[in-house]
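Chemist: Read off the chains here:
There are 2 protein chains.
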Amino acid sequence: MRPFVGTQGEGNTYPGPSAPFGMVQLGPDTEKELWETASGYEYSDPTIMGFSLTHLSGTGIPDLGDFLFVPQVGEPKFVSGTKTDPDSGYQSRYSHDEETASAGYYKVKLQKSGVTVELTAGERAGMMRMTFPASDDASILTDLTHVLNGKKWKVIWSHLRVEDNSTITGFHLVNGWAKERALYFAARYSKPFDKAEILSDGKPVVYNTYRFRSEKEATGTNLQFLAHYKTGDRQTIVIKVAVSAISAENALKNLDTEIHDWNFEKVREQTRTKWDKELARIEIEGSREEKETFYTSLYHAFLAPSLYQDVTGEYRGLDQNIHQAKGFTNYTIFSLWDTYRATHPLFALIQAPRDADMINSMLAHYDQSVEHMLPIWSLQANETWCMVGYHAVPVIVDAYLKGVPGINRDRAYDAIKTTATNPRYDNVATYAKLGWVPFDKENESVSKTLEYAYDDYCIARMAKALGKRDDFAVFSKRAASYKNLFDPSVGLMRGKDSQGKWHTPFNPHFYDETAGVNDFTEGTSWQYSWYVPHDVPGLMALMGGREAFAKKLDDLFTFKEADKSKGVSDIQGRIGEYWHGNEPSHHVIYLYSYAGQPWKAAERLHEIVTTQYGNKPNSLSGNDDCGQMSAWYMFTCLGFYPVCPGSDYYAIGAPQLRKAKLNLSNGKKFTTIANNLSAENIYVQSVEVNGKRLDNPFLSFGEVKNGGTLIFNMGPRPSQWGTQPKIPE
Amino acid sequence: MRPFVGTQGEGNTYPGPSAPFGMVQLGPDTEKELWETASGYEYSDPTIMGFSLTHLSGTGIPDLGDFLFVPQVGEPKFVSGTKTDPDSGYQSRYSHDEETASAGYYKVKLQKSGVTVELTAGERAGMMRMTFPASDDASILTDLTHVLNGKKWKVIWSHLRVEDNSTITGFHLVNGWAKERALYFAARYSKPFDKAEILSDGKPVVYNTYRFRSEKEATGTNLQFLAHYKTGDRQTIVIKVAVSAISAENALKNLDTEIHDWNFEKVREQTRTKWDKELARIEIEGSREEKETFYTSLYHAFLAPSLYQDVTGEYRGLDQNIHQAKGFTNYTIFSLWDTYRATHPLFALIQAPRDADMINSMLAHYDQSVEHMLPIWSLQANETWCMVGYHAVPVIVDAYLKGVPGINRDRAYDAIKTTATNPRYDNVATYAKLGWVPFDKENESVSKTLEYAYDDYCIARMAKALGKRDDFAVFSKRAASYKNLFDPSVGLMRGKDSQGKWHTPFNPHFYDETAGVNDFTEGTSWQYSWYVPHDVPGLMALMGGREAFAKKLDDLFTFKEADKSKGVSDIQGRIGEYWHGNEPSHHVIYLYSYAGQPWKAAERLHEIVTTQYGNKPNSLSGNDDCGQMSAWYMFTCLGFYPVCPGSDYYAIGAPQLRKAKLNLSNGKKFTTIANNLSAENIYVQSVEVNGKRLDNPFLSFGEVKNGGTLIFNMGPRPSQWGTQPKIPE
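Those protein sequences? They're chains W and Y, same order as listed.
Under our numbering, the first residue of the first sequence is numbered 1, with each subsequent residue one higher.
Under our numbering, the first residue of the second sequence is numbered 1, with each subsequent residue one higher.
Some hints could be false.
Copies of the same chain look alike in the list, so a pair counts if it works inside one copy or between any two.
As the list claims (entries may be wrong) - Derived lysine-lysine pairs resembling DSS-like cross-links, with alpha carbons at most 25 Å apart:
id, residue 1, residue 2
1, Lys152, Lys216
2, Lys203, Lys441
3, Lys154, Lys179
4, Lys77, Lys191
5, Lys433, Lys216
6, Lys154, Lys203
7, Lys216, Lys417
8, Lys191, Lys109
9, Lys109, Lys230
If you're looking for bench data, these hints aren't it; they were derived computationally from the structure.
When you get a sec, could you build the whole thing from the sequences and use the hints?
Modeler: Put into structure tokens, the structure is as follows:
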């Protein structure tokens, strides 16, 4: 497991420790202003600013990075300085040679101060162990103004209290990606402060002998705390830290409930043990690089959504009220436009209890939503409304239909239907009426139409399961809406206005993510025209049949035009106009299996797995997006992929691992074996599932759920296997 | 009862409705920027901005005024406009002829819109009844940016939610006199909105078709809500409103628990009944003007401290954590430098259960204080540290020694002693060591020394009662510290530095409230030199004996020099250098009784009662200061005054009412009768208490507590009565 994977370039992961799905993610921040370094850490950066308590994994937009701790020796600095001139502030050069990271552990030596910092994290609380050189002027700064702000977000307000001679608590309210995010923290220090100093706007908070002012607390927009120490050589100071979205009191409760003493190694060991247990949910055979890559992927998939509930059971709801979680554990950070694709389908198999908790968290969000909507992209009691569609729907429908226990079907269905029929949301009402989202009324109209149609297919599936015939008819009809935006004259999806006129002029390779100028969401027509996961036969028919469809797929991998477009720099992993670095492409290669050309899928999948993943910091070609890039990789390695979550089947691609065992949440084991797999033997020759020959390149959930074995026989050349597909309904 | 008393000039009271000690104080605001209009309403102002939910009564510093509601007709305005050009904004001219106020009720007609607004208030929730003319463009604005800001305070952040078609909730965080004050509100409208519109920075919150944005909620620094209506002639729209310091959910709970229907008259009647009950705690005989003046005073004394606890029992503590009040009801707004003098001593007699709740609220504050201090001037989960001393001490000691039930003596004593020995607070430690606060180390050093000394006397009294001999000795010694600052060469109190040198040059009439320039707190040496309430014989001795003391008192009433000083404009009620408009003078007239010249007290008391109090808007000569000006008046009318709370006695002055009955909290009745009292017969001729002749001009608590009668016989000329005083210990 390599926490550094994805920290260099576009992956936007962080190397610091977190418990599985934990509430705190301690870690080093090298950057806070660049949009491209949304997680706060870029492996190529030469300096570390300090160590903050929370991080987003793989998102494209920065936020969190709450409460920075910075050990210093000598005259303390109160501004961060710059990468090129770290001595102008508190940031420090460091070397990757003196930096290590593993599950639940991170260590680095700061060259400026000579302080070695080690981090570990439990669920809601973590520890920092700082080993100082001998100094009369050692100090540890806590900067409440630090957040991963992308130059755009800001700390609106904060307060700070010195609770006793070795404890502080604090709070800040951040107007960030999450528009109004309150977070509290508590920190207990193993060594009493020699002197405790609060700074407001860089100046010590002192009593001026007019009206009393306590030096033990302050409020304001720019607060810092400085713990002064005299240290001996190699003296360690341990800081226990915890957060809460509720109160300083709860942050202290979280801290004191989870960490009882100053034993750093104990917490580290507990978290490592938790990771060992979680990562054992899939057991694989492979090379060291394959194992490192795979388990890092599993690790990344198990970082988010993250716990968002105090030890008291309280959590801050979307309505900003304090709720008591009853019958579930509350989670936040739902990057659903990404994670509905493969992350949640993976959870439905091997993290079913947590998937149910997450779904129940989404239902609570729905209850608290002023729009009565399930989350779109929720972040610590905020709805960012990021991206399009209503993809909580496939997550819930997929889990429900796959038998994930703990979901109240009627409550879930109500939420799903209400969400999908909100007359205010993104022209859903117009879509329901016209059959498409008109580009003259709504931006990203084509993507929205296509994604609604897929989500509506999921609703129809659940309606059918619940015997709701009318709803089944309504949503089945909506699910076919994609047909309305297919322009046969260009053979692609194209914007249509409310009068039914095509968007002209039309450039099928046009990409621009500037607000309000495009009919597509982070994509081109050529990329989005494949987005009918629930009715590939229907799409094929529009495109002129299976052969024409396959030919068109080939073309996708050769275009280059959109590369020059505006705003695409953070999406890499390009093969022609197939851009693996972003989610709209993720299901596309598997469409070759639908088209009867699984060997082409095998080639592309192998290419991507070997060139766009790996065990290096720069191995990820795009934002990991809370685990979606990683989940794609894992399914692909296993040989199958949930092209259409909510349906009963997976598409079979080509396995990339000799053997893997899924320890399903129901206690069954499902094993995949790829006989003769090698760098040359990448083509599937034949398949057998649970002892029966499988010629159709689709695997049904029924073949997985009770455990069993999926055996691939691999060879060096394309075979006839899978060339006569019968696409399941 | 005349709620307008004190609304014109320096009184700083508000005319809007509040339940006794209630959490909401609905009322009209005519002003938000002027420091001099701290309550938001100045009777002389020609315009009303709107109606906000909370107000401070009689303070010298503005704050609160949360959440302004403004009915409008025609094109709505979103800025307030000015008094001289109200049409540039939403404020409106009005006429006092179309304005009425009584206990629990306020009514005004806004001339601009023709809307009549009526207000009533329960404990935590109130109602607004707005009667509109016929209009297609009627609306009600709610302005979350409105606070009584004195140009200095600001709304740091806010949010707003349209919960349903007739309910909104909201929040703002205010950096005001209270540095970090969070307040939530909820409002339910009797008529569903024709259209609900949120405005941010004056612009409607609308979805721009890029990333979805709900039009039903917003966050930001400048939020307003506009409820649009089409109204018929004389159509009434009723709004139920409530606040909470905890959450929108609690604001709704407060609202729905307290007000069940749309019956405005019912709430008005309930609150009127509550006031009838509270005001009946003192029954008086007198002219209509006397009754109106007296009961308005009682009303003002019963507005603050105010309830600060939701119907759930939760309240926001000084540590910003949410606490559950156990065994007491939580109150806030402790203007203790003012109210320890006469307001709390009055409460100890006739509001004992509430006084105990207030004291238990102070003890909770102490528990939550990072400085481990009792409140100095606390305001909605904030300590403003306003003024000097630690006057929670006399409040607690007075209540404890007077047998107010419900105070844990050990807990109270610990809090008192810890507060009085905080080594960081206002050079208390230096004072304890040197015997005075040195002016070279601390501003307002003389006032602080004198007030500490008095507070320490109270601590010594309680230590004695608790058998703590060592503490009794320590605090008794501290209580004599006043002697160290009496300069015999000038016969007055004077600043002394840490080397023991007098502050030179010395101007005994110097007044300047600019930070850091004065040895006195809102006063001159001549005013503060009388501040030894606990040892008047000691002070007399320093001043050369009783005769010299009395002569010096005479001088006080003739000086004029300090009038010209800086920053004294808001203190009026001047008779020479005796300024009744501010608290340092309040006990001074009664010192004539100590000096054997009670007839002089009688003259001055009569003068002040008849010229500086009354039933008119401009009747108050200074800030009412949460009831202290009013409590002075009531005690004075009764004929006695708590010159030294914490002691066992009151000083007798001269009664100003023919008859009054105190319904003591222990169920006993104590009646004062002034035989022959008239405009001419202002001098006490003889006194009888509980059937016994009383020649010494002091009344012991023992003579009051079991009920009884205090009879004064009044005459047109000074008598020998009280001229041979024996000052009680």
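Chemist: List, from low to high, the hint numbers that the structure doesn't satisfy.
Modeler: Structure breaks no hint.
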